[in-house]
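As given, the protein sequences belong to chains P and Y, one line each in that order.
Residue 1 is where the first sequence starts when you use the numbering used here, and the numbers rise one by one after that.
Residue 1 is where the second sequence starts when you use the numbering used here, and the numbers rise one by one after that.
There's no promise every hint is true.
To be verified - Anything over 12 Å on all C-beta distances counts as not near chain P; from chain Y, calculated: (1) T29; (2) C36; (3) D61; (4) A64; (5) A74; (6) Q76; (7) L80; (8) S118; (9) R149.
Unchecked claim - Covered stretches of chain Y, going by a simulated chain P footprint (3 or more residues, C-beta under 8 Å): (10) 103-111; (11) 137-147.
Simulated from the structure, these hints should not be mistaken for lab results.
All C-beta atoms, glycine included, are put in the ideal place defined by N, C-alpha and C.
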Amino acid sequence: MKHPIESFRDHFKDVVEEVQRFAVFVRAKEFQEQSIVKLEELLAECSQAKDKAIAEQSEDTANAYLAFEFMAKALVEEFRFYLALKADAPDSAWDHLVNAESSSAAAMKSHAVASHLDGYIQRLHALERLLFPQPVFFSSGFIVRESECSICGVEYGECTHVKGRPYMGKLCARIVKKAELQEVSVVSDPADKHCRALHYTDNGITRNVFTQRAVPDEDAEQSPPAYPEGRADAPSGSAEA
Amino acid sequence: MSLACMGLRPRKLRATGQRRIRQEEIAMTFTITDYCDVQARAEDLNLNRPEGLALLPRNFDTAAMRDELLHESAVQTVRLLFRENEIPERRVEPEGCKIPCIQENEFALILPTLFVGSLLLSQNPHLLSLALNVIANYATDFFKGLPGRNKVVLDVVVEDKNKKLSKKIHYDGGIDGLKEITEIAGKVFTDETSH
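Using the sequences and the hints, build the whole thing.
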């Protein structure tokens with residue numbers, strides 16, 4: 001008799017294979033929207049199975065379902081990325097692509113059932129490099145005075161849970177409770193790729209860094225030039241450069 | 001390409017005579033510099049004297065007073081891992097004293113400064129290897145799912161047998177280079193010119 005995880009993996013693979021032929025930019029958007037619906041149903045199945053494993057106190061199984069959840073989320077985000085590009089919404093597309101990358105990485109951290117995602121993640125990174133100019137990223141520095149463990153709520157470091165490891169269907173995180181901002185820097189390789197310049201000002205006109213369209217002042221937050229050295233057309237490049 | 005596609009494996013490291021190694025575009029560098037008198041400094045800052053293995057704040061050698069000290073944000077995780085692996089660590093913070101951490105969100109794993117006492121290096125060198133191995137395993141997990149990113153920064157302070165002199169080995173590079181630190185630490189006072 002097959003282990004429940006193996007049966008679920010087969011089912012997961014079937015659904016993924018069914019939708020993945022639409023995970024290409026040129027596919028019709030109605031098929032991509034239908035794929036999101038199917039993946040959200042799959043995601044709900046993952047969560048239900050995970051809850052059952054948690055109720056049975058089966059940690060390894062719960063962590064495996066957590067990995068499936070993250071994989072399904074990554075694919076949903078990938079489809080939303082294509083749809084946002086088609087809707088001429090590159091800022092939203094960027095966010096979905098970055099979410100797909102981080103969900104895939106979280107899946108790999110969650111359980112060995114997702115240990116094969118290197119190639120998939122490389123592909124997401126390739127899309128990022130090919131489709132977007134190199135963003136200007138920001139990184140903030142904080143002095144952390146109090147933080148707690150997301151698993152048990154005790155001061156982080158005083159319990160036995162390690163940040164980034166899975167525990168009974170949850171990834172451990174360090175929740176910062178009290179911190180002081182020290183500085184904000186421009187970096188090429190940030191921890192959070194959502195933290196980037198959105199607009200720049202050119203001859204008194206504020207423009208979106210991706211579309212270069214003028215942005216009404218009320219929509220634009222104060223932001224430094226996206227291309228401080230005058231690289232207004234940067235067609236390629238990598239956040240990892 | 002599907003979720004089931006196979007990933008690329010990192011290339012094997014190749015060392016050169018100049019100790020510059022490359023792994024997926026990350027250069028490995030070891031820099032050795034003189035460090036302060038650790039015992040005297042601990043006393044000046046009203047800290048416990050470090051011995052064996054200890055984790056030093058990043059500005060241990062420059063802070064004017066104890067309130068200015070800052071640990072790297074990975075310090076609690078490294079402590080957890082040491083506890084998990086039964087690696088004894090002498091805390092420099094006296095009971096009730098808490099040193100805040102600095103968290104910088106650029107993508108490198110900046111590890112806390114590892115102090116290695118003179119006796120430990122002569123009598124129990126495998127403990128340093130074990131500690132570095134634990135750190136390397138953590139770094140591997142940390143960078144899981146983040147292709148092309150595996151930059152680790154670690155300072156190791158090694159004390160001489162008279163506990164008066166100390167040297168800092170600054171490591172900046174990929175995960176695999178961490179294992180070389182044990183050998184370099186063992187030679188730092190006898191073979192300074194070789195690195």
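Results of checking the hints against the structure:
1. Taking the minimum C-beta to C-beta distance to chain P, about 17 Å, the non-interface status of Y:T29 holds against the 12 Å cut.
2. Against chain P, the non-interface label of Y:C36 holds: every CB pair exceeds 12 Å, the least being about 23 Å.
3. No Cβ of chain P comes within 12 Å of the Cβ of Y:D61; the nearest lies about 19 Å off, and the non-interface call holds.
4. Once the 12 Å rule is applied to beta carbons, Y:A64 is consistent with being away from chain P; the minimum gap is 16 Å.
5. The beta carbon of Y:A74 sits about 9 Å from the closest Cβ of chain P, which is not more than 12 Å, so the claim that it is off the interface is violated.
6. Look at Y:Q76: its CB is around 3 Å from the nearest CB on chain P, not clear of 12 Å, so calling it non-interface is violated.
7. At roughly 5 Å, the least C-beta separation between Y:L80 and chain P is not larger than 12 Å, which violates its mark as non-interface.
8. Every C-beta of chain P lies more than 12 Å from that of Y:S118, the closest at about 28 Å, which supports listing it as non-interface.
9. Not every C-beta of chain P lies more than 12 Å from that of Y:R149, the closest at about 7 Å, which undercuts listing it as non-interface.
10. With a cut-off of 8 Å between beta carbons, the stretch 103-111 of chain Y has 6 residues touching chain P; three or more are needed, and the interface restraint holds.
11. Residues of the stretch 137-147 of chain Y lying with their CB closer than 8 Å to a CB of chain P number 7, which satisfies the three-residue condition for coverage.
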